[in-house]
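Enquirer: Top line first, the protein sequences correspond to chains E and S.
Position one of the first sequence corresponds to residue 1 (the UniProt record's numbering), numbered consecutively onward.
Position one of the second sequence corresponds to residue 1 (the UniProt record's numbering), numbered consecutively onward.
I should point out that these hints are in silico values taken from the structure, not numbers from a laboratory.
Incorrect hints may have been included.
Said to hold, decoys possible - Listed below are the simulated DSS-like cross-link pairs for lysine-lysine, each with C-alpha atoms no more than 25 Å apart in a straight line:
id: 1; chain 1: S; residue 1: 12; chain 2: E; residue 2: 35
id: 2; chain 1: E; residue 1: 10; chain 2: S; residue 2: 25
id: 3; chain 1: E; residue 1: 56; chain 2: E; residue 2: 10
Stated by the list, open to error - To give a feel for the contact side, a few chain S residues facing chain E, derived at Cβ under 10 Å:
id: 4; residue: 26
id: 5; residue: 67
id: 6; residue: 69
id: 7; residue: 89
id: 8; residue: 90
id: 9; residue: 91
id: 10; residue: 94
id: 11; residue: 98
id: 12; residue: 102
For glycine and all other residues, C-beta sits at the position ideal for the given N, C-alpha and C.
There are 2 protein chains.
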Amino acid sequence: MSECPLDFEKTKGLIPVIVQDFESKEILMQAYLNKEAWEESIRTSRGVYFSRSRQKLWRKGESSGNYQILKEVRIDCDNDSVLFVVEQIGGAACHTGHKSCYYRRWEDGILVETDKALFNPEEVYGPGH
Amino acid sequence: MSECPLDFEKTKGLIPVIVQDFESKEILMQAYLNKEAWEESIRTSRGVYFSRSRQKLWRKGESSGNYQILKEVRIDCDNDSVLFVVEQIGGAACHTGHKSCYYRRWEDGILVETDKALFNPEEVYGPGH
Chain E
1 MSECPLDFEK
11 TKGLIPVIVQ
21 DFESKEILMQ
31 AYLNKEAWEE
41 SIRTSRGVYF
51 SRSRQKLWRK
61 GESSGNYQIL
71 KEVRIDCDND
81 SVLFVVEQIG
91 GAACHTGHKS
101 CYYRRWEDGI
111 LVETDKALFN
121 PEEVYGPGH
Chain S
1 MSECPLDFEK
11 TKGLIPVIVQ
21 DFESKEILMQ
31 AYLNKEAWEE
41 SIRTSRGVYF
51 SRSRQKLWRK
61 GESSGNYQIL
71 KEVRIDCDND
81 SVLFVVEQIG
91 GAACHTGHKS
101 CYYRRWEDGI
111 LVETDKALFN
121 PEEVYGPGH
């Protein structure tokens, strides 16, 4: 693999990555990459992130089976933001069971849920996930 | 305006915001919001961000005229990421003159420019911008 163009130094080791559905163009989620997650994502063509809460690599789908196949990888003009265009296995990216993490719209000061969950998180991740 | 649901504390004051074109669904850019930028964006229905390099509010389009009209605002499941769906005046969001900041694709270890610039930055921002 060639030299990684991403500027991890500037952003204290973590770079935001936007995850977009390759067919609908919907934004599914936003996560973070460290250098290791970037390298594993590229090597395996899967969505692999760095979990800030768990402070370790997060191979999306390792619990739920809902992994992500990378169709396209794009890097922004400043080398400090990444776009993954993916095929989302299972159809839902959000741990709440929604297709997209952005299932709520801000309308006149209120958050309105505009999309229904596709699965019950307790059935996928187990109780008290 | 109601209470802001965003958790600025968790992210040291800055929350990533994804900016998506309302027609093509293309990702135009990714920026950051502090509380002030969020409030001004919502109040004015314009893309207003916090510039990390200049450490102040950045009213997108104030130099170039290429401002952004907010069509839809979405918040993610964790209240720490925002999606602005916008109409991009002038057609180009990137300071390089490209429609999208993600005009380069990562292909087998090489960054390939897949989109052409729509304007010459020196004509819009002046020489040595």
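Enquirer: Hint by hint, note whether the structure agrees.
Expert: Okay, the hints, checked on the actual structure:
1. Taking the CA atoms of residue 12 of chain S and residue 35 of chain E, the gap is near 22 Å; set against the 25 Å cutoff, the hint holds.
2. Under the criterion of a C-alpha separation no larger than 25 Å, the hint pairing residue 10 of chain E with residue 25 of chain S is inconsistent with the structure, at around 29 Å.
3. Taking the CA atoms of residue 56 of chain E and residue 10 of chain E, the gap is about 20 Å. The hint holds against a cut of 25 Å.
4. A least Cβ separation of about 7 Å between residue 26 of chain S and chain E falls short of the 10 Å threshold, and the interface hint therefore holds.
5. Interface restraint check for residue 67 of chain S: the shortest CB-CB distance to chain E comes to about 19 Å, outside 10 Å, so the restraint is violated.
6. Annotation: interface hint on residue 69 of chain S violated; nearest CB of chain E at approximately 15 Å, more than 10 Å.
7. Proximity of residue 89 of chain S to chain E is violated relative to the hint, the smallest CB-CB distance being about 19 Å (cut-off 10 Å).
8. Interface hint status for residue 90 of chain S: violated, as the beta-carbon distance to the closest one in chain E is roughly 16 Å, over 10 Å.
9. Hint status for residue 91 of chain S relative to chain E: violated, with the closest Cβ pair at about 16 Å, above 10 Å.
10. Below 10 Å, beta-carbon pairs count as interface contacts, and residue 94 of chain S has one with chain E at about 5 Å; its hint therefore holds.
11. A hinted interface residue such as residue 98 of chain S counts as satisfied when its beta carbon comes closer than 10 Å to some beta carbon of chain E; here the least separation is about 7 Å, so the hint holds.
12. Hint status for residue 102 of chain S relative to chain E: holds, with the closest Cβ pair at about 4 Å, below 10 Å.
Violation of the numbered hints given earlier is confined to hints 2, 5, 6, 7, 8 and 9; the remaining hints are satisfied by the structure.
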